[in-house]
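What follows is each chain in one-letter form.
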Amino acid sequence: MRVATVALVLLAVAAGLFWLPSYAPYFYIFVVTEILLMGLFAASFNLIFGYTGMLSFGHAAFFGMGAYTAALLLLHFQLPLIWVLLLAMLAAALLAALIGFFSVRLNEVYFAMLTLAFGMMAYAVVHQWRSLTNGSDGVAGFPLREFGLGLDLQLADPAVYYKVVLVLVVLASLLLYLITRSPFGLLLRAISENAERVAFCGINVRRYRLLSFTIAGMFAGLAGGLFAPFNRVANPDMVHWTESAQPVLMTILGGAGYFLGPYFGAAMFVLLETWITTYTEQWMLFLGIILAVMVIFFRRGVLGTALDWLMRRR
Amino acid sequence: MSDPILSVRNLSKAFGGVHAVQDVSLELRPREKVALIGPNGAGKTTFYNMVSGRMRPSGGSVSFEGQDITGLPPHRISRLGISRSFQITNIFAELTARQNVEVALTALHGKGLQLFRVASRDRALRAEAEQVLAQLGLAELADTRAGVLSYGDKRLLEIAIVLATRPRLVLLDEPTAGMTPEETRQVTRLIRELAAASTYTFLITEHDMNVVFDLADRIVVMHRGRLLAQGTPAEIRANRAVREAYLGEEEDA
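Chains A and B supply the protein sequences, listed in that same order. Sequential numbering of the first sequence, starting at 164, is according to our numbering. Sequential numbering of the second sequence, starting at 2, is according to our numbering.
Bound-form chain A, shown alone (with noise of 0.2 Å):
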């Protein structure tokens, strides 16, 4: 019954989020594919934080690393969209399993800065490999052609590009919340809260860690292929380390405790960023005050909050 009912809303928010580009207002379009994108971003980092236990702060490397690898694709090779978002997964996830390597045998906050610091050498090497990358400027430019699989879409309207970023989104979440509810995705959750006691079952945890840290990275590459087009241009921004800090906060803000959680931390974070920047520059100043509250009052994030107060209620 209540499954049902989670279900029901969601397959309705999934419909009015798809015929969105009929009634809302333009502007809107972008800023939903905006938040979609976090929104997946976000999710992918919480299946090494909330489901795995282990903090990353590098996660914008896998999300710089599939916005490169689709903006350089598309812009050398033109190849169709899907299979650059394939490639970028891949070259994401490849990433995340050299990285996830040496950091996933470091516990806590040692992980933490292991994390932090590849996610710092990824933006050097962005930033400096000038050849490649184009250095601060960015890979810019590319044309987006064709969708792939013989799709007839007119990707450059961002109304149609919006809903194949729906429909992706929408696709790999599932992917990824069935992961998560998997004999692996319960391993995941034994390993975050007692990662000992695991191993004394029998289980060789590093391995567990090194391939959530890898599926998590391939989703961010994801989420990142995605986003390259969708800003038409890839930059050294999207690799720097306050973007590893985005997930991050958007987790907290949303609910680690939930699936969902980082989805709607993205909303909030992407809704308030855009509400507040048109009344006042100091956007940074309200999200410390949101985001102080938010951890000393509402530990559980705003979905958890409010799924604890509509329980109370009935």
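Simulated from the structure, these hints should not be mistaken for lab results. Beta carbons are placed, not taken as given, at the ideal position from N, Cα and C, and that holds for glycine. Please note: incorrect hints may appear among the correct ones.
As the list claims (entries may be wrong) - Covered by chain B, according to a simulated footprint, are these stretches of chain A (three or more residues, beta-carbon under 8 Å):
id : segment
1  : 199-205
2  : 231-244
Stated by the list, open to error - So the derived list for chain A, only partly shown, Cβ under 10 Å to chain B, looks like this:
id : residue
3  : 338
4  : 364
5  : 365
6  : 374
7  : 378
8  : 451
As the list claims (entries may be wrong) - Computed far set for chain B versus chain A, every beta-carbon distance over 12 Å:
id : residue
9  : 17
10 : 79
11 : 87
12 : 238
Chain B: place on chain A using the hints.
Same frame as chain A, now just chain B:
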């Protein structure tokens, strides 16, 4: 006599200059129930930690079913068939009792790398988990979050996780620590039943001498990191050195 299931030779562990365990040799026969006793700080838990892979020995060797397992990581040792419980309850508080057991079963059956199926729809796993819980009288608490179980039930769940890995050697580190006398009786009876009905070999550390003398076929006494004595419960009861070690502790206290 059959070959030993566990054979420990000259096992030692030093922390800096402190010899927590020194030159301990011990053999366990299949299906034997052996109690490892000794005053606090005798090195019992350190000994467990080395056998189960939590700590690397500074010297000596451990072999299990004829295979050298010295210094192997915990997950390898667990897969070979040694499973241990912990003195301080070590369960997954946020998961349900059933899920706690399912974690161990998922590992046992190599299902951990299944990414695209729903764990809770795995009927076979579910049934097996419920069967393990029933063995420990926890069947009715299967859907309860482990963190809110009573202390005694948490200790039982700890043992359920250990048994779910289908070990051949079970190391129990003070299974009745902190339990009420009633719970202690229950656990003692349970362990005896399990030992009688199964092929498990047990090594148990315990402070409660009633439990020790009730359960053990053989008792091994450690004192200040060394093996002080071993023998049948009657022999140990009569052993002067053992009595002095324990009396000595009482005088210190």
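Cross-check of the supplied hints:
{"no.": "1", "hint": "199-205", "verdict": "violated (count 0)"}
{"no.": "2", "hint": "231-244", "verdict": "violated (count 0)"}
{"no.": "3", "hint": "338", "verdict": "holds, 8 Å"}
{"no.": "4", "hint": "364", "verdict": "holds, 4 Å"}
{"no.": "5", "hint": "365", "verdict": "holds, 4 Å"}
{"no.": "6", "hint": "374", "verdict": "holds, 8 Å"}
{"no.": "7", "hint": "378", "verdict": "holds, 8 Å"}
{"no.": "8", "hint": "451", "verdict": "violated, 30 Å"}
{"no.": "9", "hint": "17", "verdict": "holds, 23 Å"}
{"no.": "10", "hint": "79", "verdict": "violated, 4 Å"}
{"no.": "11", "hint": "87", "verdict": "violated, 8 Å"}
{"no.": "12", "hint": "238", "verdict": "holds, 33 Å"}
Checked against the numbered hints listed earlier, the structure breaks hints 1, 2, 8, 10 and 11; every other hint is satisfied.
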